[in-house]
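K.L.:
Produce the complete structure using the sequences and hints provided.
2 protein chains.
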Amino acid sequence: MTTPNKASLPVIKRLPKYYRYLLGLKAAGITSISSRELAAQMGTTASQVRQDFNCIGDVNGRQGIGYSVENLISILEQLLFGDGERLPTILIGCGRLGKAVSRFITTNTNGYTLIAAFDVKEEEINHRTVNGIPIRHIDQLEEFCAEHHPKVAVLCVPRDGAEQVSGRLVALGIEGFWNFSHYDLSVPYPEAVVENVHLGDSLMSLGYRLRNRG
Amino acid sequence: MTTPNKASLPVIKRLPKYYRYLLGLKAAGITSISSRELAAQMGTTASQVRQDFNCIGDVNGRQGIGYSVENLISILEQLLFGDGERLPTILIGCGRLGKAVSRFITTNTNGYTLIAAFDVKEEEINHRTVNGIPIRHIDQLEEFCAEHHPKVAVLCVPRDGAEQVSGRLVALGIEGFWNFSHYDLSVPYPEAVVENVHLGDSLMSLGYRLRNRG
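Chains as they are written, first to last, in the numbering used here: chain C, 46 to 259; chain E, 46 to 259.
A couple of the hints might just be wrong.
Repeated chains share a single entry, so a pair holds when one copy, or any two copies, can fit it.
Straight-line Cα separation of at most 20 Å, DMTMM-like style, residue types lysine to aspartate or glutamate; simulated pairs [to be verified]:
1. Lys-58 / Asp-246
2. Lys-71 / Asp-246
3. Lys-166 / Glu-187
4. Lys-196 / Asp-246
5. Lys-196 / Glu-130
6. Lys-196 / Glu-168
7. Lys-62 / Asp-205
Please keep in mind that the hints were generated in silico from the structure rather than gathered at the bench.
P.N.:
Structure below.
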């Protein structure tokens with residue numbers, strides 16, 4: 046069996062999409078699918094699908110039948126969610142964006158659980174909550190982390206704030222960052238696992254493609 | 046001169062990051078930089094930087110001096126923002142996420158302007174606004190687009206809603222989509238320019254990397 050750890054980052058980034066499509070197929074009562082059919086639905090190529098599936102484990106399509114949808118879902122769930130334990134997560138920055146994206150943490154299906162939220166602004170902190178979680182002052186970060194050991198931080202603060210807080214978070218045992226700030230924290234903290242969501246960059250790329258169409 | 050149109054998608058997606066870093070250098074009073082120094086700051090390689098700059102136009106670093114920061118910024122601004130005309134944009138879905146991300150459209154620096162917002166929920170529509178723009182019912186979409194010719198749509202609706210509305214939007218002349226829904230609209234509409242921001246997928250990838258660390 047291929048070790049799942051060998052999957053490259055581009056493959057890893059495609060796995061959730063396979064998982065979504067396969068759940069859709071299962072819901073539609075489809076039990077097996079060929080790489081060609083799956084590729085057509087997903088807008089990719091059969092060869093890409095087969096290569097990706099080769100990276101993730103013991104996934105053998107059967108000639109004339111295709112891949113078992115159930116088996117693929119089960120393998121992907123093991124890879125994406127492990128034993129089902131949800132990753133304890135804290136939100137840093139409870140402005141409009143922080144409140145909106147924290148829904149993806151409190152939703153059961155992504156493998157995370159929101160255990161605390163922090164901000165510096167008094168108006169956000171006093172008696173406020175985000176998706177039911179009380180908002181604490183960032184000064185309480187050390188005390189909270191020492192007691193509750195969160196593993197993931199969602200950074201919804203401006204660049205300067207992210208730069209100031211990320212060293213503290215790494216020192217407090219945070220291993221993963223869902224980073225909405227423009228601070229590229231992989232450079233100073235190469236050991237951290239970082240998923241950047243740079244919304245401004247995404248918009249600028251879209252603009253480039255629209256303005257420079259062939 | 047290399048034609049900018051030849052830049053591949055991965056290069057295009059890196060351009061905003063170069064632009065951000067170069068603006069930072071300019072603000073710090075730095076007028077030239079080598080590919081090696083820029084790469085070290087950005088967490089990439091000098092070779093990557095040189096290759097990327099070769100793709101975007103007449104960008105020649107000078108031996109022992111490096112690239113002109115001002116020249117690079119000017120080339121990138123031309124590519125990313127063209128003549129400075131902002132892309133007229135509409136928001137589809139004015140829930141918490143739609144309201145949060147529309148800030149990136151109303152901010153002057155990304156090259157867009159928000160001209161309308163639509164929803165189906167009565168409680169969002171009646172006398173409500175999003176960043177100062179009144180929220181309209183989705184039934185008014187055709188009339189509005191015929192008159193104002195938006196070019197970009199931000200999709201902050203669930204998968205089903207996106208599937209229902211995207212054909213209408215393409216028919217109404219929308220060329221670019223900033224797509225937060227899980228509907229992969231590039232498959233049915235290959236002519237559309239689509240920038241997907243799949244937040245759930247992003248979280249699942251992060252989870253995979255945390256759960257399967259070497």
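K.L.:
Run every hint past the structure and note whether it holds.
P.N.:
Going down the list of hints, with the structure as the test:
1. Taking identical chains as interchangeable, the C-alpha atoms of Lys-58 and Asp-246 lie at most 20 Å apart whether they share a chain (18 Å) or sit on different chains (7 Å).
2. Within a single copy, Lys-71 and Asp-246 get their C-alpha atoms only as close as 35 Å, which misses the 20 Å cut-off; across copies the closest is 19 Å, which meets it.
3. For the identical chains of this complex, Lys-166 and Glu-187 are intra-copy neighbours only, at 18 Å inside a copy versus 42 Å across copies, given an alpha-carbon limit of 20 Å.
4. For the identical chains of this complex, Lys-196 and Asp-246 are inter-copy neighbours only, at 19 Å across copies versus 27 Å inside a copy, given an alpha-carbon limit of 20 Å.
5. Taking CA atoms no more than 20 Å apart as the test, Lys-196 paired with Glu-130 passes inside one copy only; the shortest distance there is 12 Å, against 44 Å between copies.
6. In this homomeric assembly, Lys-196 and Glu-168 never come within 20 Å of each other (Cα to Cα): the closest approach is 27 Å inside a single copy and 38 Å across copies.
7. In this assembly of identical chains, the alpha carbons of Lys-62 and Asp-205 lie at most 20 Å apart only when taken from different copies (16 Å versus 33 Å within one copy).
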